[in-house]
Structure formats: C-alpha cells, structure tokens
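Colleague: So you can see what is in the structure, the chains are spelled out below.
2 protein chains.
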Amino acid sequence: MLVAVVGVGLVGSEFIHQLLSIPTESSPFRLISLSSSSRSVFLDPAQAITSTAKWKSILSASNEKPNFETLTQKLSALISSSTKVAIVDNTSSEDIAALYPVWLKAGINVITPNKKAYSGDLGLYERIVSASNESGARFLNESTVGAGLPVISTLKELVATGDKVKKIEGVFSGTMSYIFNEFSTGSSEGPSFSSVVSVAREKGYTEPHPADDLNGFDVARKLTILSRTIGSAASLPSLQSFASVQTASLIPAALEGIPTGDEFLQRLPEFDSDFDKMRKEASEEGMVLRFVGVVDGVKGEVKAGLEKYPTSHPFATSLGGSDNIIMFHTERYSPRPLIVQGAGAGAAVTAMGVLGDLLKLV
Amino acid sequence: MLVAVVGVGLVGSEFIHQLLSIPTESSPFRLISLSSSSRSVFLDPAQAITSTAKWKSILSASNEKPNFETLTQKLSALISSSTKVAIVDNTSSEDIAALYPVWLKAGINVITPNKKAYSGDLGLYERIVSASNESGARFLNESTVGAGLPVISTLKELVATGDKVKKIEGVFSGTMSYIFNEFSTGSSEGPSFSSVVSVAREKGYTEPHPADDLNGFDVARKLTILSRTIGSAASLPSLQSFASVQTASLIPAALEGIPTGDEFLQRLPEFDSDFDKMRKEASEEGMVLRFVGVVDGVKGEVKAGLEKYPTSHPFATSLGGSDNIIMFHTERYSPRPLIVQGAGAGAAVTAMGVLGDLLKLV
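Just so you know, the sequences run in chain order A and B. Numbering-wise, the first sequence is residues 1 to 362 according to UniProt numbering. Numbering-wise, the second sequence is residues 1 to 362 according to UniProt numbering.
Excised from the complex, chain A in its bound form (with noise of 0.2 Å):
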C-alpha cells in the first residue's frame, strides 16, 4: 500500500516515527508522500521513504508548494487492482477535510484521526459515505474519539452485528476528565476551579485559550461523530452538525468571546464561588461532578454537559489522570456495560488509533 501524510505536526511526526519504525522488509507500506503547510514532496514507490532519521530534512529540502489537485492525480494514476493507496491526514484543518469525498472516489482510501469532516456539516458526511460506497475505498477514524482507544471499531462491531445500542456515556475530553478528576473528588472542598483550570494550562492539558475546552465543542464533536456511526440503528436524531448537539458550556455567560486566554483566565475567579456550590451540593448528595458526553439511543438524545455522578460510579472510582471512559450500553451488553478506558489523546496513543487503521486496510 502506498501512502501519503498530509500534516507532520507532533501527531504525523509521531505517527511517521511508528510508520517507518515496521522493518521496512516487512512493511506493506511504502511512504511516498509528505505534506507540511508550506511544503510537499512526491517520490516514486521505488524510491520511498524509508528513514525515521531522513524524512524531515526531505521534506525541508522540498521547494514544492503543497497542491492537493495534483497529489490527488499522482495517487490515482498509481492505484491498480495489486496497488492500494491511503492519505493519512493528520492535519485538524476543515479545508482538508472538504477534499475526503474527492480522494474517496478516485478510489484513495482516507485515514484521519481529524474530527471535521465527521463531525462538520451532515452534506459533507453523507458526501463521505457515498463516494466510499460508490469507489469501495474506506474512510476509518478510530482516532477521532478517545485516540488510540478502541472506541469507533468497538462501535461499529456492535452495530455490525446486530447489537442494539441503548446508550453511550462517557468522559471523552482528556481536557475535562483532567480537570474534574482534581476539582471534584466526592468532597466538599477543594482546588478552586480556576485554579484547576490555569494548572491544566500550564501542564499542556487544556488549549491555549482555554475556553476552547470549556466550550464543551470537542465532547460535542465526539458525540456527533459516534451518532453517525450507529446511523440509523437507533432512534437518534439526525445532527445537521456537532452544534446541534445539546452543550451546556461551562463558560460563564459574562467570559464569552474573550479573546485571550490570559485574560480569560485572569477573570474566571469571579466565577469559583458559582462552581464552588455545585461542588458542595453533589458532595452532600454523595456525588461527584463529571463532563461527560451522551448518546441515548432510547431517549433519541445527543448531550454534552456536567452531570452528577455516585461517588461508587466507575466515573468517580475509576479515573484518573486524562483519562477517558466510554461505557456501551446495549442489548447484549446488559445490565453491565462494555467499557474501555485509558489515555484519549496525546501524540503516541492517537498516531497508534492512526497506523492501526491503516493496518486493517492490508
């Protein structure tokens, strides 16, 4: 199979990195194209790339300017009935994800732990699924949700064999989990939770501003994602994107549109008291607080928000760190969820949920 990496931030590097690191006689993947935001190299299959150590200083010795008209001609003029072809897009950029219909159809298959084109406008998702269906070639996320995490396959296993979906919830913000595993322990006090909150930041758990977290944007993304792959098996409503999703943000009303993220944070201490309280309340009910995303199957809700959960539920008992929690809900998986849990980002576990998808391709 040939491939071409579009982005080489930390997650393509890494995910390069893991590429190359298959002894090459042994790998049924050959390399022959990168593309950064300002460069791009093409090479012939028998000259691909094959050096962790090298990939980088030919890129930068590269003066071509990405063109993705041209990259999506090259790869299809090279796909035959022995000759596979995948774009890794490793990038998190819309306009990218505009181009998977494009690629699907001219038979090249697309691997993205990018969550826009799934979670974006539902005319560009369906455009997704039909070019797929009509070429044969095969879009696969698995790392869009919970990285490297075995969320999607472990969905679409269910669905595929006949199980029926009651429900999905979960913490799936490594962002969330991180801040309300210190902010809400079962008891009554604590870190205040700006505190939790500039922490986070500085620890490079959060965005630079991180009212990007707290938006709740990234859970909602998730959940749309995960309600596209069950499809019509349940009675889901149809989200015409991740905003029609139910997010209560987290951000105080009088904190929207801040620009920075200093000064975001430099104000959201006139807020603790508000997050304070709920922390009292959900202690003296013996409960903790928790960001969590859910799929309801039954009740044909797509939800994001703070919810209250016993201080005995694996949500309080079981985390840690930025971890993240999925629990399915079904028929078969009943009255005791299936559940997976472990880190759901960072770049090694998300360029891993990246190279697993491209092995199941071969």
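In case anyone wonders, no lab produced these hints; they're calculated from the structure. Certain hints may be false.
For identical chains, the list gives no copy identity; a pair is met inside one copy or between any two copies.
[To be verified] 27 Å max Cα-Cα, derived DSS-like pairs, lysine-lysine:
1) LYS164 with LYS203
2) LYS164 with LYS56
3) LYS166 with LYS56
4) LYS167 with LYS303
5) LYS156 with LYS299
6) LYS360 with LYS308
7) LYS54 with LYS164
8) LYS56 with LYS84
9) LYS303 with LYS166
10) LYS84 with LYS167
11) LYS105 with LYS84
12) LYS167 with LYS56
13) LYS74 with LYS360
Given chain A's structure and the hints, the job is docking chain B onto it.
Modeller: This is chain B only, laid out in the frame that chain A set:
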C-alpha cells in the same frame, strides 16, 4: 465469502442467528455448510442457507455424517481469486483444533472461540502460524479471551504499531469474577466460599463440576493465548502449553480428583475456614481477593492465581456480576493502563466476537 460452520451448540446457534440476521442482499457471506457432532450438510453456493428459521431443519434432514476430509476438499475447490472461504469452529474440540493447519494450508480462513488450538501444544500453534503465513489464509480468535470484548484485537494493534507491552493483568474468568465479587467485598466477613460456589453453579456460571473452573486452567489457557499473541516482542517464557503457566489452583489438595460436582460441593465446606481466613487477612490490610491472570513482559512471568488488591483498585470498585476486566500496561499507556471491561462469557457476546472476526476478513 463462503462460510462453513462446525459446531451448532449454544454459541454456534447464536452465531448462525447473528450471521443470517444480516440482510441477504447486503451480506458479504454465504452459509454453505453446517456440521454438528452427528450430521453435516454441504450446499451449492447458489443454494446457501439464508433463513434463521430453517437452518436447524436443513441440518436435521441430512443423513450425512460429518467428514472433515471431504469438507476440506469441497471447500478448497471453491476458493478462487474472487471467492474466499472461512470455517467457523464453534466447538471446544481438540480434534477439530488439530485440523486448523490443514485448513489454513489449503487457503481456508479459520475463525473460532475455541481455545484449544492456541493454548495447547506449542507445536500445533507453530504449525497454525506457519500454515497461515504460507497460504495467506488467516486465523482469528478474538472470542477466545473475553468473548466479544476487544482484547486480542487491541493487543495485536498495540504490538503491530510498535508499543511495548509491559504487563497485562486481569480477571479473565467470568466464573472466578462472580465468585470473588460475591465472596470478597473488602469486609472481613460474608458468605462462605462453598455457598458462593454453590450459588454460582445453580446460576449456571460454573461448569457442571466446579473444579473445572477452580483449577484455574481456563485462565491459564487465556494467558497462553495472550502471551503467544505478544510473541517475541517481550521477554516472555516460551509456553509449551497452558500447563506451563504457573497456576495456583483453588481446589483443596484433599478434593483433587473427586469425580462428580455434587460430591465436590458436599465436601467443599470442610475448607471454608481456610478461605474465611484469607478473606479476613485481606480485609485487615484493606484488600480484596481476586483470581487474576498476569502476563508480565518485564519480569518474564505468566501466572494465574489468587491475589490481593486494595479496595480502591478497579478490580475491587469497578467489577460486578461475572465481568471480565483486562488492563494493558504498555510503554504508551503508562503510568495509567488501557482498560477493557464487560461480560466475558455468554453465547450472544461470544458469537458477536466470532462474527466480528469474520467481518474483518471482508
């Protein structure tokens, strides 16, 4: 893909039901052969079985005895560049397992929840691997560990993408899970061991002879499969068979070899005080007892036995019913492991794992 099913007991029947529940128009499978211990049918692909209501009568109307040499020949003759063939072995027979190398060599894919081949004699396992490498036909065995839970596939992906498995630790037996979830809750007192085992047997959670669970062999078999799946990627001992696993049986020495389950249960109360004592000691240390399996790639150890875990550990807080739980400690999933949890036995979830494997081939 043409499918032949061997074994039509609980799991086999459920598998056939799930397979035939995929609408015929969209199903990539054609079920052309069924074999029970006494009968067999083989149909022309154009006459493939499509009805969940009729397969039993089709089989019982047959006067053919199962003949696996003929089956192999007939299936081999149907393989072509456009037609794949798979045998699904839903038995737990050692004799059928011994045929896998023949089938694989002939180009027939083998899918099974039968643990015998992968946990038995190392020679058989090696013949399976080399037959598969030789012909390109695949053997998939997701349901041999944790039934439909994504355990084997997750482990394969970790290894294939270059992660290093440090340790796999889990509760791998639904029976043992139920018994110790009931027996040891962290309190110093509780129901007697023999009473818990009796109830488990009444509920159908144990084998007719409970010693067949308490000997720990089922766990040792699963550890052997995991250990071989990791392969040379960790410094694990080469297991000649599951009997090479260090297994601490729970059968009191005086009760070894008792022929019937009834007699065994009648005498088990003589040893309740020993189990009481262990529970009490664990409780005084803030621990619970769990029967676990460990594959330790760092210490180079594979072992099954009773261990103590803090009452705050997921094996204590998160387990219930007859759930399995499996923790993968790896270089990437460190310090916090990747965890998979849920029902690890039962016809519906086992058949689901088998059908999931079959879907991976198309």
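Colleague: Indicate, hint by hint, whether the structure satisfies it.
Modeller: A quick look at each hint next to the structure:
1. Taking the shortest alpha-carbon separations for LYS164 and LYS203, only the inter-copy value of 25 Å comes in at or below 27 Å, while the best intra-copy value is 40 Å.
2. Taking the shortest alpha-carbon separations for LYS164 and LYS56, only the inter-copy value of 25 Å comes in at or below 27 Å, while the best intra-copy value is 46 Å.
3. In the homo-oligomer, the alpha carbons of LYS166 and LYS56 never lie at most 27 Å apart, since the shortest distance is 47 Å inside one protomer and 31 Å across protomers.
4. Taking CA atoms no more than 27 Å apart as the test, LYS167 paired with LYS303 passes inside one copy only; the shortest distance there is 12 Å, against 36 Å between copies.
5. With identical chains, the CA atoms of LYS156 and LYS299 are at most 27 Å apart within one copy only, with a shortest distance of 21 Å there and 36 Å across copies.
6. Taking the shortest Cα distances, LYS360 and LYS308 never come within 27 Å of each other, neither inside one copy (38 Å) nor across copies (39 Å).
7. Proximity of LYS54 and LYS164 under a CA criterion of 27 Å is satisfied inter-copy only: 24 Å between copies versus 48 Å inside one chain copy.
8. In this assembly of identical chains, the alpha carbons of LYS56 and LYS84 lie at most 27 Å apart only when taken from the same copy (25 Å versus 42 Å across copies).
9. Proximity of LYS303 and LYS166 under a CA criterion of 27 Å is satisfied intra-copy only: 14 Å inside one chain copy versus 37 Å between copies.
10. In this assembly of identical chains, LYS84 and LYS167 lie within 27 Å of each other by CA distance neither inside one copy nor across copies; the values are 37 Å within and 36 Å between.
11. Taking identical chains as interchangeable, the C-alpha atoms of LYS105 and LYS84 lie at most 27 Å apart whether they share a chain (14 Å) or sit on different chains (26 Å).
12. In the homo-oligomer, the alpha carbons of LYS167 and LYS56 never lie at most 27 Å apart, since the shortest distance is 44 Å inside one protomer and 34 Å across protomers.
13. Taking the shortest alpha-carbon separations for LYS74 and LYS360, only the intra-copy value of 24 Å comes in at or below 27 Å, while the best inter-copy value is 30 Å.
In summary, the structure is inconsistent with hints 3, 6, 10, 12 from the numbered list given earlier, while agreeing with the others.
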